[in-house]
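One line per chain: the protein sequences are B and L, in this order.
123 is the number that our numbering gives to position 54 of the first sequence; each next residue is one higher, with no gaps.
308 is the number that our numbering gives to position 300 of the second sequence; each next residue is one higher, with no gaps.
If you are wondering where the hints come from, they were derived from the structure by calculation, not from laboratory data.
Keep in mind that the hints are not guaranteed to be accurate.
Unchecked claim - DSS-like cross-link-like pairs, simulated, lysine-lysine; straight-line CA separation at most 25 Å:
1. L:Lys390 to L:Lys15
2. B:Lys159 to B:Lys226
3. B:Lys216 to L:Lys105
4. B:Lys226 to L:Lys217
5. L:Lys78 to B:Lys228
6. B:Lys164 to L:Lys78
7. B:Lys188 to B:Lys160
8. B:Lys243 to L:Lys78
9. B:Lys216 to B:Lys157
10. L:Lys14 to L:Lys217
11. B:Lys216 to L:Lys78
As the list claims (entries may be wrong) - Anything over 10 Å on all C-beta distances counts as not near chain B; from chain L, calculated:
12. Ala93
13. Ile100
14. Pro150
15. Leu154
16. Ala238
17. Trp311
18. Phe407
Glycine residues also receive a C-beta, built at the ideal position from the N, C-alpha and C atoms.
As a plain string of letters, each chain reads:
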Amino acid sequence: MNWKGNAGYLRLVLGAQLLFFAAWGGWLVVSRNTDSPEFHLATEPVDPRDLFSGTYVALNYEISSPRGGRCPRRTRDLGRLFVKLEDKGKKAVTKDGEVSVYEATDCHTNPPQEPGWAKADMTYRFGGPVAMYGIERFYLNENDPRKDAKSGSVLAKVKIDRNHNLVLLDLVEKF
Amino acid sequence: MASYYKKFKADLDASAGAGIITPEQAAAVYERALAGSPFASFRAAHWIGAAAGLFVALGIILIVASNWDKIDSYTKLFAFLLLFAGMGEAAIRLDEKPAAAVPLEMIWFFMPILGIGLYAQIFNLSGDPVKPYLVWAALASPAALLSRRPFAAYLCSALLFFTLYYGTLSSNGMLALTAARAADPQPLWHWGLALAVLAGGAAVFPGRKLSLPLGASVIWLFIMMLADTAIKLRSSGLILLSGMSLAVLWLTYGSERDDERASLPLKVWLGAVYFTTFFWHYGGDELVNHSGPDTSAGGALAWLLFAGGLLSVVFRPQRLLPAGSRDETAGKVMLAASMLCSFFLFDANEATAKAVAITANLLLAAFGTVSIISGARDSSEKQINLGVAVLTLTAVTRFIDIFGTMLKSGMAFIVTGVAFGALAYFVNKGRKALIESVKK
């Protein structure tokens, strides 16, 4: 049988590709569709953006170096980590008024059952180990004035989805 | 390769013009020869079609990347899936019409990365920078392999090799093989994934041509041995042994046809030997030894490559000189010598390094001379020119590099010029004798 140019096989491949994107899109929509509380995270200054796959603001967070509780001070153990995020009284002012800024208070290598734990991957960056939460990019329209925002001047509005992943919802300017 | 077909076509046309064969026979022979070329079916219209598809695909990606934030996320997802299905189905339905199918296949090839970019934008995804490329290649490869045209397969192979180099040379990500500073070594499964990507890139590459994917693999492996990986090498002897062995292996197995010399691997081998001539100025291993000793895995790999290279030289036809020529032994000796001269560097000091440099110079001189003689015997102007070019480059480099003073360099140029003149005289005399013997 000649596989090359076989319309049946090509349609199977096309179907598999579409199924992949439909399933991925569905999973992303469903996993984020939770009624978990939304909260804010403080950001730290980094290079603001680049233009790969659309304009985005590159974000770094205070919680990228989690401290407190069982969080490792100088870890060489890279890989999966769960970080407890809590309101410890830190506040910031936005256009909607004063909001609470959550902080990292504890760490664990296994996923705790209680809410408020976010999944992170410890990777080695320039200065040492850094917790990456998958919310390090916020994509914008190329004409959106927030593309000039620097980490540190904005707060990230987030929530935790069903799988302990942090979901980046919005960027909010600090006043 | 293109010049080969051009010259072949000119020869056939001349033969048809001289009445040796009919124009129909000339056309049929040319078509048959061209069918073996990987770009045989890629006539001008196909190239234009491919360019059209490429530009449209890149345009769509940029328009989507500009971020239509006023449009609802679900609408964007649905529109993407609809566009994806439409492009794929159109490419399948119009498969018999290349003018439409080629650009559509190009757009289809780029649809997965368009979707990945769109999803990242909608859901603000970030993470491993290598993962999108791997997912793109995994999704695009089956359609590329099933396509009756090779273009998507070439792009897919290029994508996989790009991902291999990009991913393995970074110190972060699922393909990272270079050690991050102060961090633990990269896990073993990274190597498994990297080798799978390498195998995928070579397997997807269309046709039976091995030269390019083998070359990309060989260069990648050598870079991994030089970089701070689990197979890093730091001693000059093992680095040179690995480099020369890889060059010999590429030359031996990267050849495209039985009756034609491999041009790119040959140039790389010549370049490697030429580079070795500069060991004349070698000052010791202090510089490279700053970053630690050789790894045991790297050392074992270097000896394996050498063993493979040596066995290939002994048991496989040499590809240094034209295949089937009477210079088979000379070619094999030169290839083996290029690897064996690395052994001088195992007791690396200035004297042994100079021995390496002298051996390399002798190798280039021998290659140049044998090429000229072989070319004269086979009436191959190209082979003679290659030999002259290698001898000239070697001589000029040495005059500037070693002799130093203008007086000595000037004398050396004159002596070499006279030697070339003598060589040209004897080559011409040999050719005349050969022609006379055929006439008798």
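Taking the hints in turn, this is what the structure says about them:
1. For the hint linking Lys390 (chain L) to Lys15 (chain L), the alpha-carbon distance of about 13 Å falls within 25 Å, and the restraint holds.
2. Restraint check for Lys159 (chain B) and Lys226 (chain B): satisfied, since their Cα atoms lie roughly 15 Å apart, inside the 25 Å limit.
3. Restraint check for Lys216 (chain B) and Lys105 (chain L): the C-alpha separation of about 45 Å exceeds 25 Å, so the hint is violated.
4. A hinted pair counts as satisfied when its Cα atoms are at most 25 Å apart, and Lys226 (chain B) with Lys217 (chain L) does not qualify at roughly 53 Å.
5. Using a Cα cut-off of 25 Å, the hinted pair Lys78 (chain L) and Lys228 (chain B) holds, with the two alpha carbons roughly 22 Å apart.
6. Note on Lys164 (chain B) and Lys78 (chain L): the hinted pairing holds, with a Cα-Cα distance of about 22 Å set against a maximum of 25 Å.
7. For the hint linking Lys188 (chain B) to Lys160 (chain B), the alpha-carbon distance of about 24 Å falls within 25 Å, and the restraint holds.
8. With a C-alpha separation of about 24 Å, the suggested pairing of Lys243 (chain B) with Lys78 (chain L) holds against the 25 Å cut-off.
9. For the hint pairing Lys216 (chain B) with Lys157 (chain B), the CA-to-CA distance comes to about 30 Å; that exceeds 25 Å, so the pair is violated.
10. Only pairs whose Cα atoms come within 25 Å are accepted, and Lys14 (chain L) paired with Lys217 (chain L) is accepted, the gap being roughly 20 Å.
11. Between Lys216 (chain B) and Lys78 (chain L), the direct Cα distance comes to roughly 16 Å. Compliance with the 25 Å bound is thereby established for this hinted pair.
12. At the 10 Å boundary, the C-beta of Ala93 (chain L) falls inside the reach of chain B, the nearest C-beta of that chain being 6 Å off.
13. A Cβ of chain B approaches the Cβ of Ile100 (chain L) within 10 Å, the least distance being about 5 Å, so the stated non-interface status is violated.
14. Its beta-carbon lying about 4 Å from the closest one in chain B, Pro150 (chain L) breaks the requirement of being farther than 10 Å from that chain.
15. A Cβ of chain B approaches the Cβ of Leu154 (chain L) within 10 Å, the least distance being about 5 Å, so the stated non-interface status is violated.
16. With 10 Å as the threshold on Cβ separation, the claim that Ala238 (chain L) sits away from chain B holds: the shortest Cβ distance comes to roughly 16 Å.
17. Distance to chain B confirms Trp311 (chain L) as a non-interface residue, since its nearest Cβ pair spans about 32 Å, more than 10 Å.
18. For Phe407 (chain L), the condition that its CB be more than 10 Å from all CB atoms of chain B holds, with the nearest at approximately 47 Å.
The structure fails hints 3, 4, 9, 12, 13, 14 and 15 (numbered hints given earlier, in ascending order).
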